[in-house]
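Residue numbers (the numbering used here), protein chains in the order written: chain U, 1 to 228; chain B, 1 to 236.
These are calculated hints, taken from the structure and not from any lab test.
Worth double-checking, as some hints may not be accurate.
[Stated by the list, open to error] Below, in silico cross-link-like pairs of lysine-lysine (DSBU-like), each with a Cα-Cα straight-line distance of 35 Å or less:
no., chain 1, residue 1, chain 2, residue 2
1, U, K67, U, K54
2, B, K64, U, K60
3, U, K81, B, K109
4, B, K109, B, K85
[What the hints assert, rightly or not] Covered stretches of chain U (in silico footprint by chain B; criterion: 3 or more residues with CB under 8 Å from a CB of chain B, positions within the stretch not fixed):
no., segment
5, 47-61
6, 97-111
7, 182-194
8, 207-221
All C-beta atoms, glycine included, are put in the ideal place defined by N, C-alpha and C.
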Amino acid sequence: MRRTLVLPVTLVAMALGFLISVQFQTQKGVSAAEQINEDRMSQMKSVLSNSQEKNISLHKEHSVLMKQLDVARKTVGVSPKLLAELNKFEILCGKQAVSGSGIHITIDDRESPFPLFSDDIATMINVLKFARAEAISLNGQRIVGSTAIVLSGSSNIVVNQVPINVTSETPYEINAIGNQDTLYDYFSKLIGVTLKESGMTVSIVKKTVSIPSYKGEYTFKNTVPLVP
Amino acid sequence: MKWEKKDRTLLGLASMLIGFLFIVLLKSNVVYGSKGVWQETSIPILIQINKENQQLSLENKKLKLEVEKYMQVQSTSDLYNQQLKEAKMNAGLISVTGPGLRITLDDSKRVVGEKEDPMSFIIHEEYIRDILNALWNGGAEAIAVNGQRIMANTEVFCSGSYIQINVTRQMPPYVIEVTGDVRDLSSSLEFYRWFQLGYLQQQNGITRNIEVLSKVVIPAGKLPEYHYAEPVKGDI
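All chains, please: the whole structure from these sequences, using the hints.
Structure, rendered in structure tokens:
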């Protein structure tokens, strides 16, 4: 009995030894790969946090500059009446950040079998314009005349050439300033109902909202004023 | 088969070892997987932030220049007028001209057959909006539809038999005029809606016409009244 066991036990022992060594080998490989991954992650994290820090400081700088500009305009002596006039034009072209009574819309399409496309969002913005919104922003991007809302790849929505739907907790946030009742009624009836039917979470709240300025550029390479 | 105690402990130890090794292997795989996901989500975030940073630094540069101008300037009215003109130009409140395209869309004049869908014989608001979106994306500098300048607050909204643009009623034919780089603008129209309109032209006789012009005139829009929006100092 004992003698018959010698051969299989030896074989099992050899196989085990082999397995152990293979395991150690792969473990080494895995930890090397893990190390590389770890390095990559930490690099990525530092690149990301650098960009985020830069973003914050740029926003601060922008804010400071806008204030300086305001002070400069006043000290140089432009009359408040003329400044108010300039402000209106700058609201229309989006250079001026604004706040006022309006509605705040959040749409979560993550649970819906039909996620939102760029066309759907363009339709929403159009309804808000139809409801005579005075200023509109979508995930922090100011909507101006030349704003294009396009799909990049299969799911990234790009507004003013900036992708908008990758970071925030709620996928879509729209702010609009204008007559609250009109904005609310038009949006909830023309858009909200359909969105809810297709399984999205939609909230529309009447409140005072702030809308940032347009950070993009207007370029006129081919176009000149008709009267120079 | 009878096993001696020694053999049994040996076998037990061996199976424990194998189990342990197996778990180690599994664990390392799981850890690897979760990191992959993190990387996948962080790349688009990075792209977004960098794009925004680019825009912001450009904007800040421009603002700095402007502030400097104020510091140096003697004649304020000149500077003010210049800024006023720039804001008006950007907002679409100045009539402009330049090379561009004229696109004409019109309902079909053909009689709708019995089995045909009458909706596919007319020009809908989406067609116009999609074309405008594509043109802006292709670098359009100024656009008007039936003489209505497209501005930040311009709606293109179907209200039954007409399309409302800038609170005016517009009927077909819809003439879209746009200035900008003609080649860029033409290639920006190579998208599904444009091709769909081409198909409807062939099948149902709607009009989808495009002219490349060396000079297009785009009229100025009107400044809307602001009752709710108040300028904010600084930015948000």
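Legend entry - Within 8 Å of chain B (C-beta), three or more residues of the segment 182-194 of chain U: violated (count 0)
Legend entry - Within 8 Å of chain B (C-beta), three or more residues of the segment 97-111 of chain U: Check passed, 6 qualifying residues.
Inset, instruction - Three residues minimum, CB to CB under 8 Å: does the segment 47-61 of chain U make the cut for coverage by chain B? Let me know. - result: Check passed, 9 qualifying residues.
Legend entry - Hint consistency between K64/B and K60/U [alpha-carbon to alpha-carbon, up to 35 Å]: holds (13 Å)
Legend entry - Distance restraint between K109/B and K85/B, which requires alpha-carbon spacing of 35 Å or less: With Cα atoms ~44 Å apart, K109/B and K85/B exceed 35 Å; violated.
Legend entry - Agreement of K81/U and K109/B with the hint, judged by alpha carbon distance not exceeding 35 Å: Status violated; Cα separation ~53 Å.
Legend entry - Outcome, coverage of the segment 207-221 of chain U by chain B - at least 3 residues whose beta-carbon is closer than 8 Å to one in that chain: holds (count 11)
Legend entry - Holds or violated: K67/U to K54/U, with C-alpha atoms at most 35 Å apart: Roughly 20 Å separates the two Cα atoms, so the pair holds.
The structure does not agree with the numbered hints 3, 4, 7 stated previously, though it agrees with the rest.
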